[in-house]
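Work out the full structure, taking the sequences as your base and the hints as a guide.
Numbering follows our numbering, in which position 101 of the sequence shown is assigned residue number 101; successive positions increment by one, without gaps.
These are computed hints drawn from the structure, not numbers from a lab. Be aware that one or more of the hints could be misleading.
Stated by the list, open to error - Computed Cβ-Cβ distance ranges for the label pairs, DEER-style:
1) 8 x 74: 24 to 32 Å
2) 69 x 13: 36 to 44 Å
3) 6 x 168: 54 to 62 Å
4) 7 x 46: 27 to 35 Å
5) 138 x 54: 29 to 37 Å
6) 29 x 65: 32 to 40 Å
7) 141 x 56: 33 to 41 Å
8) 40 x 14: 20 to 28 Å
9) 23 x 46: 21 to 29 Å
10) 61 x 6: 52 to 60 Å
Keep in mind the model is a prediction, meaning the values are calculated, not measured. All C-beta atoms, glycine included, are put in the ideal place defined by N, C-alpha and C.
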Amino acid sequence: MATLNATNLKHASSSSNNIVLAANGSVNIPTLTTNSQFGNLRQYKILSKTTKSSITGTTPTLIPDFSITITPTASDSIMVVKATMFCSINTHVILFRIYNGTTQIIQPASFDSHDDGTGAWYGSGDRMSNQHVAAFETSGNTNARTYNVYWNVTGGTGWINRYQGSDSYNSTSILEVMEVAP
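Below, the structure written as structure tokens:
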């Protein structure tokens, strides 16, 4: 097997290096196009919530320890936010909303009250489930922003990362933020 050692790659007609291979293993390709095999992912952040939290109110409230701060690299980026949460409630509904700071991203066409959101889960009896919600927006600028998940219940006590009936079936939840080119 042959090995090619290089620190820079360029086309014969180019006056500057097109691809720079750094000693730390990073690669700088300044002229990626939409036809590139490398894709259009500009930035990716992920967070795991391993602690348990509960809620009893109908007012949307920030889920503790479940936020990601990111600074977009371009003002035309699409910011994709995904959350997968292990939740549990008895005979009521848990509702989830994805926010940029204190502004909800993507609302249903009919948004009337605390009963509406980005996602909802009904716990009929002693139930538990993974709930997946997602939203996206155009970055609009390159200012840092914090994406987080708010939640509320229609009654009773809702839980994240544990079973509602007892302190058992402990689990984890994941929050992801991706910055992608349009």
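For this session: For residue 7 and residue 46, compare the CB-CB distance with the range 27 to 35 Å and indicate the outcome.
Result: Check passed, 31 Å falls within 27 to 35 Å.
Problem set entry | Beta-carbon spacing of residue 61 to residue 6 - inside the hinted bounds 52 to 60 Å or not | Given range 52 to 60 Å: holds, Cβ gap about 54 Å.
Problem set entry | Assessment of proposed distance window 33 to 41 Å (beta carbons of residue 141, residue 56) | Roughly 37 Å apart at Cβ, these two residues keep to the hinted range, so it holds.
Exercise. Has the hinted range 24 to 32 Å been met by the Cβ atoms of residue 8 and residue 74?
Worked result: Given about 25 Å between the Cβ atoms, the range holds.
Exercise. Honestly, do residue 40 and residue 14 meet the 20 to 28 Å range at C-beta?
Worked result: 23 Å Cβ-Cβ, so the 20 to 28 Å window holds.
Exercise. Is the distance from the Cβ of residue 23 to the Cβ of residue 46 consistent with 21 to 29 Å?
Worked result: At roughly 27 Å between Cβ atoms, residue 46 and residue 23 fall inside 21 to 29 Å, so the hint holds.
Exercise. Would you say the C-beta atoms of residue 29 and residue 65 sit inside 32 to 40 Å of each other?
Worked result: 36 Å, holds
Problem set entry | Range agreement (Cβ of residue 54 with Cβ of residue 138, hint 29 to 37 Å) | 35 Å, holds
Exercise. At the C-beta level, are residue 69 and residue 13 separated by a distance inside 36 to 44 Å?
Worked result: 43 Å, holds
For this session: Go ahead and decide if the range 54 to 62 Å is satisfied by the Cβ distance of residue 6 to residue 168.
Result: Given about 56 Å between the Cβ atoms, the range holds.
In summary, this structure violates none of the numbered hints.
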